[in-house]
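Relying on the hints, combine the two individually framed chains into one complex.
The residues making up each chain are set out below.
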Amino acid sequence: MEEPEQGFAAGRHTCRPGILPGPTRVSSPQDDTWNWCVYLGHTMVLQPSERHYGDWNHRRLGPWCSPTGSPAPLSCETGCGEGSWILVCRLLVPTQVSLLSMEEDIDTRKINNSFLRDHSYATEADIISTVEFNHTGELLATGDKGGRVVIFQREQESKNQVHRRGEYNVYSTFQSHEPEFDYLKSLEIEEKINKIRWLPQQNAAYFLLSTNDKTVKLWKVSERDKRPEGYNLKDEEGRLRDPATITTLRVPVLRPMDLMVEATPRRVFANAHTYHINSISVNSDYETYMSADDLRINLWNFEITNQSFNIVDIKPANMEELTEVITAAEFHPHHCNTFVYSSSKGTIRLCDMRASALCDRHTKFFEEPEDPSNRSFFSEIISSISDVKFSHSGRYIMTRDYLTVKVWDLNMENRPIETYQVHDYLRSKLCSLYENDCIFDKFECVWNGSDSVIMTGSYNNFFRMFDRNTKRDVTLEASRENSKPRAILKPRKVCVGGKRRKDEISVDSLDFSKKILHTAWHPSENIIAVAATNNLYIFQDKVN
Amino acid sequence: MFARGLKRKCAEDEEAAPAYSLQRQSLLDMSLVKLQLCHMLVEPNLCRSVLIANTVRQIQEEMTQDGSWCVPVPQTAGRASRDRLVSTEILCRSAREGARPAPDPGDPASELQVVPAAQAPGVPPGGVWDGDGPRENRGSFHKSLDQIFETLESQSPGAVEELFSDVDGSYYDLDAVLTGMVGGAKSGQDGLEAFASTAAPPPSAGCKSDLGELDHVVEILVET
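These protein sequences, in sequence, are chains A and B. Quick note: our numbering has the first sequence finishing at residue 1071, numbered continuously throughout. Quick note: our numbering has the second sequence finishing at residue 228, numbered continuously throughout.
Be aware that a few hints might be false.
Partial chain B-side listing against chain A, Cβ under 7 Å, derived [unchecked claim]:
#, residue
1, E47
2, L50
3, C51
4, R52
5, V54
6, L55
7, N58
8, T59
9, Q62
Calculated Cβ distances over 10 Å to all of chain B for the following chain A residues [unchecked claim]:
#, residue
10, D653
11, R754
12, L786
13, F829
14, T832
15, A844
16, R881
17, H889
18, R1007
19, C1022
20, K1029
21, Q1067
Keep in mind the hints are simulated off the structure, nothing from the lab. As the structure is a prediction and not an experimental result, all values here were calculated from the model. Backbone N, C-alpha and C fix where the C-beta goes; we use that ideal spot for every residue, glycine too.
Next comes chain B alone, as it looks inside the complex (with noise of 0.2 Å):
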């Protein structure tokens, strides 16, 4: 994952940021799949959505600000900000010195929406999930995560319908949707941006708009 190839300037920070990164990569990923993961049948609670929504924009924000949210140009070289979020266990670890004052709410980045591949600007598609990066993070992958990718990638498409077997015949459009998106993803790049540009925002109730993150999920087999 890129984030381990940069170098923080300040040293007590260089052994303590990569796994701090990738941390934040693995809760940034559980935040995701969460998103896509609710319920089909009943309407999805739009507290959680909202709550994990703002928690992945945060971690974006932070991301963004660190410079690790681009790939080619390592843009944190010359930055000595070390106002970061402070964590909780490694994510979880008591307070640094330095906290960040909250981010500028006028700052772009906090635009981003859930796929931040698509909006970031200066960001080539792909972004955080294009080609090296789930497969370094594999093995740092919350257990959790391991598990549903496991599950997801080492079956055929159709069988994603099984993860959500509980849903009833309304959802017919989802084999679709993903037989679809298999095929569009393939062309690589053409795929990215056209699935960027169906980017659904996570609080909004209803099944169509949670395809839109269902995409999402099957993106990121299809890339690894």
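Okay, chain A solo, but in the shape it has when bound (with noise of 0.2 Å):
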């Protein structure tokens, strides 16, 4: 990599992500030593940490936009002020500039319903914690471990390549939440995103939902490409000038600059919940929207910040006797008065908010009778449903428990009326799986478009999709090792007893550490983005 000309002042800065143009050199305080940040044609921004100051092992890296063209000093309007350190990895860096940059495109075979890998993007950061595409599908939101949000924009489709559907490229970047303290209870508070729900589009601007442990924030995304020139008391750096040599007045005209796309919390929702926020979720009327953590739920007017009603709370008032959490929780699609939550017992409460204040009593109460053959002291915990979806007509609801998918009509509540095996194979390794809380692993499950099709996660980096018409499946595997760009992806098989064939792999070779929980599925193409850890894998349907 070539030596940059210019370099910066050192100093104390604090640099807002998305605004260091084109590759610059960051020295450290103590001993001068120069780093590079990563320019690959997409310029890498750093961000700060302040946990991590004097650490260089440590990097937060984030992705920009496409380069200016001469490197300028880091200066006011950029967000640059007292505060801590940029820092650097430079050994991890490079590595990730390969990964990062757009394969070039193979020839592709002709084969229907194919998904491939349409390239993945190691970000080396903290493990992927949440995956959502937008209403448009034109955005797709990833927040991780480490409090930030990574956003990616669809390509607008060129005409000249009419076999390649637009692609992903890193929009922008933020970070949502910090670490926090609690004095009171003398705990951390983990930064970790949770959740991300994006809105839908009102205006020019998107925004979203994000949220960790504690607190939900909205955040607004907004583009400036323009910029306004020719103040007259400031000049072209930003410093005022003397009045005394201003002799002529001018309007000052907005030029066109290069693209920045900035986040901006627009609203903080915080003091609302003791235990920790599992979901969030829009409601359709886009005025109010719910969070849940483990006891409570409470319903937000996006005005208003520093109250919010609850409508559910299953604490017991003696704390001894509790025995069941709610675990998700989602608004109906349509009916705005009407949303649902899973608990740890395996059970899924509708309730309608028309009928009472506080939603305590359901309306409607979805349990499947326990398979007496099957019970054992794993029982209860792999029935705890770990997420809840409602299909997008809003007349199904799907549920993901350890072992299984169930879809449930919502008129009829006494069973499900399907029931996907993700890995049945594990049942006989639960003791294992329990001891080394692999059990507790709360997989994601998710509808595709037409709500013909839904994917959920398993481990080894395996994730499954089931046919709902044609009753069929197939496992696929979002690993590096196993697909190129542009290569179709295999379905895989796990062998559960008996011979082994050559492509197969043993239940006791699968990587417990590898799971992937968090899948997406674009909202009207055969789009799926999954993370496998702290890489993001976008696969699309293969198209003639």
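Take a look at the structure:
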């Protein structure tokens, strides 16, 4: 990598992501060691990390959009001020470069209905903890354990490359949540982003909700591609001009500038949850949303941050009697008065907010009777529902427990209408999975746009899709080693016993540290996003 | 362990029963350790704690119904009940006949808390954790439990702090509690009773209650 020509003054800087133009040098205050930031067609932006001051092995990098021309020193306009150092790790970054670069198109084969890997974004950053497409599918947001949100935007399709649908490029990145310390309890509050939910777009800006364990934030992501020039009282660098030197007046004009995407927190909804928030859901009225923790669900108005309504409270008077917690909650996609929440005992309750202010009495109660032949000490744990999702139509709900995905008809409460085995071969391994805590892993599940296919993750970087109509299912793997860009994903198979065929993998060889907990499906097309630890894979259906 | 001394009435269960009981005991111990060794710096995951606590409760209920809970009086002599929960592995084997119905929630045994010794009616303080139990059981302890206990008992109580060495300074109390606990437990019965009265429910968030469960770990060490 070539040495850039211009550095900038050492000193203490705070840098907001997305501002740093062009390749830049950063120096450390202590020893004048120079470290590079990455330049790869997308300029890497460095985010400060107060916690890791002086730790050169830690880096928090965010990709940025296209580089500008000449490098410029950091200035006040770009959000710099007193603060901690920008930290860079030189060692890790170069390996990222090759992974992040857009690979050339391989000559594609014409095969129907197969998923192929578009490209992968390996960020070396923290583990991805949530993935979500927006309502049009144009944007894809990911949240990670470090409290960052990275938004990808789909490229506009070009006329020359009809066969190549728009790819996703990094659009914006920002630090949503910081680690906090609760002084009353002497406990740290994790900055990990538990969930992101988009609001439908109502103007040029994009809005999303992101939450950690305790606080929900509303972020506005907007573009700026013009800036005013020609101020009278300030010069081009923002310094005040001596009024005596001003002899003429001019009207400032808006000049185009390189696209800048900025994210600003518009609302912070804090101090409403004693327990850890596990879900947020935007209501179909687009004016309210709910946040659910282990024992309570609160209803918020987007405009009001100092107040929320408690609509569900399952906390017992005596905590020693606690046997059940809320695990997930979601609003009905069309009926703004209806929502569901799932529990650790494998039940789903549907509530109508019109019935009463506190929805402690459910309108519907969904529970499947236990199968006595499968009963064990682990029965309750594996029945705990980790995710609940309404179908796009609003007619069905899908739940994920440890071994299965179930589809329920809202009109039938006593059992699900469909049950799909995700990895039943784990049933005989529950004791070991309990010991290593894998049995508590919370897998999510998603519907495709037409509600005909459902998808969920598993171990060994496998994820599964079930076609509800044909009853066929497929197991695919998200890993760099096994797929090149544009290559067709090969179905995988787990061998449960007997002779293992060549391509099969035996249950004992599964890697339980590689789990796919978070996936997302484009709202209308066959494009999926799969988060495998700290890698994000985007797959799309191969078009003829 | 007392379970070994108990012969089941049914012939076919004779060989399976002791192994099952041992494995069940091992699962119980593993669960209790899990409840106690939670992350101190970050709030414990309530869902996980509740699920583990429910599992512990289930095991204890079954053990009570089996009579495995009571040390001196083998109550299972006349029992023909074979309705036990199906297990996985030996705790995980496939279904046996006569799966048991869910235990009656009104059963006083279901109110057993994490510290069973204290609250089970008619059980002398100490119960499962008494004298010979853990020692005899040592060989059958699950591997991970073994490691944990070896670490704990081969070093001074201060070493327990190292287990939680990622805990920040806000845990000054731990040392004092542990020292106090060791002293208290030496008086045997008294210690247990005192300890029993401070039984803390597993699902409560917050550090102080977790200390109650930590006491329990130390209790096991001291008793062996």
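Here is how each hint holds up against the structure:
| no. | hint | result |
| --- | --- | --- |
| 1 | E47 | holds, 5 Å |
| 2 | L50 | holds, 4 Å |
| 3 | C51 | holds, 5 Å |
| 4 | R52 | holds, 5 Å |
| 5 | V54 | holds, 5 Å |
| 6 | L55 | holds, 5 Å |
| 7 | N58 | holds, 6 Å |
| 8 | T59 | holds, 6 Å |
| 9 | Q62 | holds, 6 Å |
| 10 | D653 | holds, 15 Å |
| 11 | R754 | holds, 43 Å |
| 12 | L786 | holds, 39 Å |
| 13 | F829 | holds, 27 Å |
| 14 | T832 | holds, 23 Å |
| 15 | A844 | holds, 13 Å |
| 16 | R881 | holds, 29 Å |
| 17 | H889 | holds, 20 Å |
| 18 | R1007 | holds, 31 Å |
| 19 | C1022 | holds, 19 Å |
| 20 | K1029 | holds, 29 Å |
| 21 | Q1067 | holds, 35 Å |
Checked against the numbered hints given earlier, this structure breaks none of them.
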